[in-house]
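Engineer: Read top to bottom, the protein sequences are chains A and B.
Each residue of the first sequence is one higher than the one before, counting from 842 in my numbering.
Each residue of the second sequence is one higher than the one before, counting from 842 in my numbering.
Hints in this document: simulated from the structure, not taken from any laboratory.
Incorrect hints may have been included.
Stretch-level coverage of chain A by chain B, calculated; a stretch enters the list once three of its residues show a Cβ under 8 Å from a Cβ in chain B [to be verified]: (1) 856-865; (2) 914-920.
For each label pair, taking beta carbons as the anchor points, the in silico distance ranges come out as [to be verified]: (3) B/Leu872 to A/Ala862: 46 to 52 Å; (4) A/Leu1020 to B/Pro940: 35 to 41 Å; (5) B/Asp939 to A/Ala942: 37 to 43 Å.
Small disclaimer: the values here were computed from a predicted structure and weren't measured.
Note that the Cβ used here is the ideal one computed from N, Cα and C, for glycine as well.
In case you want the letters, here they are:
Protein chains: 2
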Amino acid sequence: MVSAMPHQTAPALSRLEQQIAFIVEIDKLKLVLRQTRLMDGSRRENDAEHCWHVALMAVVLAEHAGAHIDVPRVLKMLLIHDLVEIDAGDTFLYAAVDPAAIAARETRAAERIFGLLPPDQADELRVLWEEFEARDTAEAKFARALDRLEPLLQNHRNGGGTWVEHRITVEQVLAKKHLVADGSAALWAFAVALIDDSLSRGYLRTAAREPSR
Amino acid sequence: MVSAMPHQTAPALSRLEQQIAFIVEIDKLKLVLRQTRLMDGSRRENDAEHCWHVALMAVVLAEHAGAHIDVPRVLKMLLIHDLVEIDAGDTFLYAAVDPAAIAARETRAAERIFGLLPPDQADELRVLWEEFEARDTAEAKFARALDRLEPLLQNHRNGGGTWVEHRITVEQVLAKKHLVADGSAALWAFAVALIDDSLSRGYLRTAAREPSR
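Chain A on its own, in the form it takes in the complex (with noise of 0.2 Å):
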């Protein structure tokens, strides 16, 4: 970090080139393109801008949380929860892949990332990406319900999106999105009205309508 913090001889300032460093690092956030096109269609979203849309909806939505959560903790998980991504890339969430090579790969990732800023708070954030990853607490559930909630509802505004591109299934959809119901009846109970609507503009198809060869 000599670059962004030039006077750095003084040793009181080491705390905050440290942050600064993560400060900078992160910034190519902005360059991880995810599967997702914007509600317009225009273009795909990045992950920078996702982390933005959950943390305001987690803002707006938190009344609607199946148990008491700790709202600042929420945003503070939303906004780093994709971080590892700088280094593991997005992964499609219908893609066949070994989740415990992306694992490993998330886990050295969150190293190298969180292990940009002092101690303490490299620890504090880490302990807030693995809470986001085991999904045990009630703040955890909700953070994962509305990761799961942006995108369909992107999928839903831009006609289809993903589904249509990879011809997924309503079957597929429900699998992967009913842990929104973990975190949140009244959200799952919306999301399954947009699947069921989905359905019936021919976004999603059935696996029962696939033609048997």
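Given the structure of chain A, go ahead and fit chain B onto it with the hints provided.
Structural biologist: Below, chain B alone, put in the same frame as chain A:
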């Protein structure tokens, strides 16, 4: 919001419908381009990813605030601070503009955009936005400091960016960035070091160095 909430006859859903209308509308913030380019210089930043970045900066840099701050309030403020630009557009910091005309445009935008939400939430976010604009509270001062610091980091990293493009002087930058000092003495010291370094790299010019005519 008929298309986003197909089964909307149940009155119990109408609060959620309003919230979803807001969440769908704010996707447009991803299409509002700022003047500043990303740290790698590859493209201009958009407002949504900027809001994500400054919110996460608040998480990491909160300890440097000049006064005790309510961090969750700062986070919410930063997440919503640019929403009015969906209607009013982004204004370049060094542009010669009529502040009253911009303020009027942004006030109308706030009416419309926050007005999509249920009234209690519309009021809450509107108050937060006005607090950010007024810059009277410790939270607003810190949030505004981060909002000024992020593009400074970007211009310093991407070879001078908008400073070079618009032939900005160090005096202009110091005048516009000085409000960082109101939010944090430590971050202002850091900003001054970056500005000094930018001058020595030729990213900024001094007014005195301009040839007299």
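Engineer: Now tell me, hint by hint, if it's right for this structure.
Structural biologist: So, going through the hints one by one against the coordinates:
1. Judged by the Cβ-Cβ criterion of 8 Å, the stretch 856-865 of chain A is covered by chain B as claimed, because 6 of its residues qualify and three suffice.
2. Requiring three or more residues with a Cβ within less than 8 Å of a Cβ of chain B, the coverage given for the stretch 914-920 of chain A holds, as 3 such residues are present.
3. As the Cβ distance of B/Leu872 to A/Ala862 is approximately 31 Å, the hint placing it in 46 to 52 Å is violated.
4. A C-beta distance of roughly 47 Å is found between A/Leu1020 and B/Pro940, which places it outside the suggested range of 35 to 41 Å.
5. Checked against the hint of 37 to 43 Å, the pair B/Asp939 and A/Ala942 fails, with Cβ atoms roughly 57 Å apart.
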